[in-house]
Amino acid sequence: DAGITQSPRHKVTETGTPVTLRCHQTENHRYMYWYRQDPGHGLRLIHYSYGVKDTDKGEVSDGYSVSRSKTEDFLLTLESATSSQTSVYFCAIMAGGTNTGELFFGEGSRLTVL
Amino acid sequence: GENVEQHPSTLSVQEGDSAVIKCTYSDSASNYFPWYKQELGKGPQLIIDIRSNVGEKKDQRIAVTLNKTAKHFSLHITETQPEDSAVYFCAASERGSTLGRLYFGRGTQLTVWP
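From first to last, the protein sequence lines are chains L and P. Going by the numbering used here, the first sequence opens with residue 1423, and the numbers climb by one from there. Going by the numbering used here, the second sequence opens with residue 56, and the numbers climb by one from there.
Please note: incorrect hints may appear among the correct ones.
[Claimed, not checked] Calculated pairs, DSBU-like style, for lysine-lysine (alpha carbon to alpha carbon, straight line, at most 30 Å): (1) L:1475 - P:126; (2) P:77 - P:97; (3) P:113 - P:126; (4) P:113 - P:97; (5) L:1479 - P:126; (6) P:112 - P:123; (7) P:123 - P:113; (8) L:1433 - P:113; (9) L:1492 - P:112; (10) P:97 - L:1433; (11) L:1479 - L:1433; (12) L:1492 - L:1475; (13) P:112 - P:97; (14) P:123 - P:92; (15) P:126 - P:112; (16) P:77 - P:92; (17) P:126 - P:92; (18) P:112 - P:77; (19) P:77 - P:126; (20) L:1492 - L:1479; (21) L:1492 - L:1433; (22) L:1475 - L:1433; (23) P:92 - P:113; (24) L:1479 - P:97; (25) L:1479 - P:113; (26) L:1492 - P:97; (27) P:112 - L:1475.
[Unchecked claim] Pairwise CB distance ranges, derived in the manner of DEER restraints: (28) P:82 - L:1425: 29 to 35 Å; (29) L:1485 - P:72: 27 to 33 Å; (30) L:1462 - P:126: 42 to 48 Å; (31) P:106 - L:1452: 17 to 23 Å; (32) P:69 - L:1508: 34 to 40 Å; (33) L:1448 - P:106: 27 to 33 Å; (34) L:1481 - P:97: 21 to 27 Å.
[To be verified] Quick look at which bits of chain L chain P covers, simulated, 3 or more residues with Cβ under 8 Å: (35) 1444-1450; (36) 1461-1467.
The set of hints was computed from the structure by calculation and includes no laboratory data. Ideal placement from N, C-alpha and C gives every residue a C-beta, glycine not left out.
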């Protein structure tokens, strides 16, 4: 357990509504990541953060934004949810110091967009 | 970016037999190769990793081998047990740059029959 909590764990919403997923960590890790997992695609990086207010895009960032105003919280926002964003979302942190590569994942947030 | 291919997508073995999962990568700059195990309804868990300065690493019943020339790496599980049943993901990254971004394979569903 790397001290990662994701909320909500499950959410059903309608197309066009905004959604925010929260990732909270308790161990002061600098690097945080949002991945999505879809059948046949493995895990794909949406956005990542390398410090407070420092974020960058991953490979599937369209339709998503992120914010990190505190070290412990990394928020993923879908401004206007679409059915293609139905997925399981995982937050991850990098442990073990600067850029070791060792990622540890949360338990996931399952989002269904109707 | 990096492209990671993983085979097979499904694997069924009898308890006690060995299981092998293979991955290839495209970016010769990649130097960190972790393997994750994901049980149903949970986040991926790091089970073993290898860095490009070694060719093999073992941890009890699991081992990983790396062939940098051929750009492929493999996960070997010996004496499989029913609790090894899960989805396994390989990944690759260029440790030391790109802030620990991992590129994942599409996963292998391993089923171990008692």
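Hints, verified against the model:
{"no.": "1", "hint": "L:1475 - P:126", "result": "36 Å, violated"}
{"no.": "2", "hint": "P:77 - P:97", "result": "23 Å, holds"}
{"no.": "3", "hint": "P:113 - P:126", "result": "19 Å, holds"}
{"no.": "4", "hint": "P:113 - P:97", "result": "25 Å, holds"}
{"no.": "5", "hint": "L:1479 - P:126", "result": "27 Å, holds"}
{"no.": "6", "hint": "P:112 - P:123", "result": "14 Å, holds"}
{"no.": "7", "hint": "P:123 - P:113", "result": "18 Å, holds"}
{"no.": "8", "hint": "L:1433 - P:113", "result": "40 Å, violated"}
{"no.": "9", "hint": "L:1492 - P:112", "result": "38 Å, violated"}
{"no.": "10", "hint": "P:97 - L:1433", "result": "16 Å, holds"}
{"no.": "11", "hint": "L:1479 - L:1433", "result": "24 Å, holds"}
{"no.": "12", "hint": "L:1492 - L:1475", "result": "8 Å, holds"}
{"no.": "13", "hint": "P:112 - P:97", "result": "26 Å, holds"}
{"no.": "14", "hint": "P:123 - P:92", "result": "23 Å, holds"}
{"no.": "15", "hint": "P:126 - P:112", "result": "16 Å, holds"}
{"no.": "16", "hint": "P:77 - P:92", "result": "14 Å, holds"}
{"no.": "17", "hint": "P:126 - P:92", "result": "22 Å, holds"}
{"no.": "18", "hint": "P:112 - P:77", "result": "15 Å, holds"}
{"no.": "19", "hint": "P:77 - P:126", "result": "11 Å, holds"}
{"no.": "20", "hint": "L:1492 - L:1479", "result": "19 Å, holds"}
{"no.": "21", "hint": "L:1492 - L:1433", "result": "24 Å, holds"}
{"no.": "22", "hint": "L:1475 - L:1433", "result": "26 Å, holds"}
{"no.": "23", "hint": "P:92 - P:113", "result": "16 Å, holds"}
{"no.": "24", "hint": "L:1479 - P:97", "result": "25 Å, holds"}
{"no.": "25", "hint": "L:1479 - P:113", "result": "35 Å, violated"}
{"no.": "26", "hint": "L:1492 - P:97", "result": "26 Å, holds"}
{"no.": "27", "hint": "P:112 - L:1475", "result": "38 Å, violated"}
{"no.": "28", "hint": "P:82 - L:1425: 29 to 35 Å", "result": "31 Å, holds"}
{"no.": "29", "hint": "L:1485 - P:72: 27 to 33 Å", "result": "44 Å, violated"}
{"no.": "30", "hint": "L:1462 - P:126: 42 to 48 Å", "result": "23 Å, violated"}
{"no.": "31", "hint": "P:106 - L:1452: 17 to 23 Å", "result": "21 Å, holds"}
{"no.": "32", "hint": "P:69 - L:1508: 34 to 40 Å", "result": "36 Å, holds"}
{"no.": "33", "hint": "L:1448 - P:106: 27 to 33 Å", "result": "28 Å, holds"}
{"no.": "34", "hint": "L:1481 - P:97: 21 to 27 Å", "result": "23 Å, holds"}
{"no.": "35", "hint": "1444-1450", "result": "violated (count 0)"}
{"no.": "36", "hint": "1461-1467", "result": "holds (count 6)"}
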